[in-house]
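With the hints in hand, could you dock these two chains into one complex?
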Amino acid sequence: NAGVTQTPKFRILKIGQSMTLQCTQDMNHNYMYWYRQDPGMGLKLIYYSVGAGITDKGEVPNGYNVSRSTTEDFPLRLELAAPSQTSVYFCASSTGQGYGYTFGSGTRLTVV
Amino acid sequence: QQQVKQSPQSLIVQKGGIPIINCAYENTAFDYFPWYQQFPGKGPALLIAIRPDVSEKKEGRFTISFNKSAKQFSLHIMDSQPGDSATYFCAASRSRDDKIIFGKGTRLHILP
Chain A
1 NAGVTQTPKF RILKIGQSMT LQCTQDMNHN YMYWYRQDPG MGLKLIYYSV
51 GAGITDKGEV PNGYNVSRST TEDFPLRLEL AAPSQTSVYF CASSTGQGYG
101 YTFGSGTRLT VV
Chain B
1001 QQQVKQSPQS LIVQKGGIPI INCAYENTAF DYFPWYQQFP GKGPALLIAI
1051 RPDVSEKKEG RFTISFNKSA KQFSLHIMDS QPGDSATYFC AASRSRDDKI
1101 IFGKGTRLHI LP
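If you're matching them up, the sequences are chains A and B in order.
Numbering follows this note's numbering, in which position 16 of the first sequence is assigned residue number 16; successive positions increment by one, without gaps.
Numbering follows this note's numbering, in which position 17 of the second sequence is assigned residue number 1017; successive positions increment by one, without gaps.
Chain B on its own, in the form it takes in the complex (with noise of 0.2 Å):
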């Protein structure tokens, strides 16, 4: 049971352009939303994350949207740059075990 569905698998998108990730959870009880980053031969990095009492948060070009009633968040990079072609991880947990469940990633492609 796939319990953080994360879409699309891949994504190309120009440079300037505004890659958008999408993200849908099931599980009422998570209350932390992190994205990761992640650079071939690399680990995964938190670039950055959201708690269910605010709707949208914004870190340099990284802007997370939370929507609560509709259990979907997703990532949006203004002003996109090849350097930011990587995988991106969306995922959820829950503060009180932290266990974090991942969704299966977004290759994203930042073209020149």
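Bound conformation, chain A alone (with noise of 0.2 Å):
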């Protein structure tokens, strides 16, 4: 039973260049979520999704983009980084039922 898996764990992004951060989920779950971390800052939500072809916003999505085609992949791109961008990402996925969240294992981004 995996959970949340989260790819890459690590990675270095010049200026200006794009990746995309992978998350898949083997629970089931229909909703998910990104968040970032940054320090003395908690978690802020960048985007949310509560079923295969639904996405949202959250409270700092600038920067960045999601997709949900299939219930277990929910990958986040990041479209020409910029130095803002460094921090922890984590990726998250409910039931939708108000019991909690489980989290990856976290994506540490550096943008120089």
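Worth flagging that the hints you see were computed from the coordinates, not collected in a lab.
Backbone N, C-alpha and C define an ideal beta-carbon position, used for all residues, glycine too.
Check the hints yourself; a few may be wrong.
Stated by the list, open to error - According to the in silico footprint, chain A covers these stretches of chain B (three or more CB under 8 Å from chain A):
#, region
1, 1024 to 1035
2, 1041 to 1055
3, 1087 to 1095
4, 1101 to 1112
Next comes the structure, spelled out in structure tokens:
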């Protein structure tokens, strides 16, 4: 039982490059989320999805895009990376019924 | 607008002491209050959660106290151990949309 799997674990990008952070879950959860975590700032919601084909913006969506073509996968796309996107990114999933989230182990991204 | 305020930002306690982390919320529509524990290099993991129909919940050495009228809740760790050293996040959500709002976190260090 893998839970929520994120790849890669670490990545260094140059300013202006693009990349996709991968997230997949095997719990058949309908709800999935992307958060970023910056020191002392907690977790901020970037995008979320309540099911395949449905996505919506969270608190800090600028500079990111998502898609949800299957229940299992919820990739996060960074276009034109900027230093402000240096952060640790967490993907999470839930049943959507108010019983908490299961988080992945994170992707540490540095933009130089 | 920060909807869940958490204090303190950091806390150092001797082994066996009882660290207390406090949180306050603003939205009276919140009906689920989880606490997450995060170790370095890992994703947050659900530790314990409470709903507003009870004033206290215990799971092992961890206790949540909940004061609905004051819109406050707190985490107590009994007989704290060095292995409890981690970052703790309080959070709140509405079951009907399952979007969790996190506090900024408390870095707890238990001295051996």
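Item checked: Assertion that chain A covers the region 1024 to 1035 of chain B - criterion: three or more residues, beta-carbon distance below 8 Å -> holds (count 3)
Notebook entry, point to check: Does the region 1101 to 1112 of chain B contain three or more residues whose Cβ lies closer than 8 Å to a Cβ of chain A?
Noted result: holds (count 4)
Next item on the list: Confirm or reject the coverage of the region 1041 to 1055 of chain B by chain A under the rule of 3 or more residues with a beta carbon closer than 8 Å to the chain's beta carbons.
Entry: holds (count 7)
Check: For the region 1087 to 1095 of chain B, does the count of residues with a C-beta closer than 8 Å to a C-beta of chain A reach 3?
Finding: holds (count 4)
Checked against the numbered hints above, the structure violates none of them.
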